[in-house]
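Take the sequences, apply the hints, and build the full model.
First residue of the sequence shown: 1162, per this note's numbering; consecutive thereafter.
Just to be clear, a hint being listed does not mean it is correct.
What the hints assert, rightly or not - Each pair of labels, with its calculated beta carbon distance range: (1) W1314 x G1283: 44 to 50 Å; (2) A1245 x R1202: 50 to 56 Å; (3) P1224 x S1309: 18 to 24 Å; (4) T1172 x T1262: 23 to 29 Å.
Treat the hints as calculated values from the structure; they're not laboratory data. Note that CB positions come from ideal geometry on N, CA and C, so glycine has one too.
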Amino acid sequence: MKPLKRPVRRTILVLHVTASAGWLGLTLGLLALALTANTTRSAAMAEAACRSMKVFTDWLVLPLALLTLLSGLVLSLGTIWGLARHRWVLTKFWLTLITTTASVFALRPGVNSAADTLASGGVLADPLDLVMGPAVSLSAYVFMTVISVLKPWGLTRHGRRLRASTASAKALDKRSLGRTA
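Printed below as a string of structure tokens:
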């Protein structure tokens, strides 16, 4: 992919950071609601918390997750960081893909099931199930934020090969610019 021009890169970066921060904040809100549903003695309050979680998971989680995933992918492919050059970028990509998949196939169905159970007057079989999804997701998002800031671990094997080939190409270019007799 061609490198992104500066205004496009900045726009996508703002979009990525905004979507990521929104996803992290939404997950923090889901965790607060899940804890409320688990700790309250009021059945009405537990049901309201689960219904609120259902609205958030049905309407906001997937769009924010996909926007984060796609904008991160475009940034990685359109900048010097690359998708497979640096370990931290590759780690973020896989964690984002895993958490997006888990949100769709585990979090949403779990929240919907809990909301339906409480709406029908039932009791949750394992109340901690409701808390675990947002807690694990929040941990993953905080970890991804940390590695985005610190950029640890260096280059991947692919990144080292690219750097070596670029360095040898530059050396060849310098020699070809030298004077000839």
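- Query: In this structure, is the beta-carbon distance linking W1314 and G1283 contained in 44 to 50 Å?
  - Reply: Given about 47 Å between the Cβ atoms, the range holds.
- Do P1224 and S1309 keep their Cβ atoms within the hinted range of 18 to 24 Å? The hinted range 18 to 24 Å holds for P1224 and S1309, with Cβ atoms some 21 Å apart.
- Message: Quick check on a hinted range of 23 to 29 Å for T1172 and T1262, using CB atoms only.
- Response: holds, 27 Å
- Has the hinted range 50 to 56 Å been met by the Cβ atoms of A1245 and R1202? holds, 51 Å
Consistency note: the structure conflicts with none of the earlier hints.
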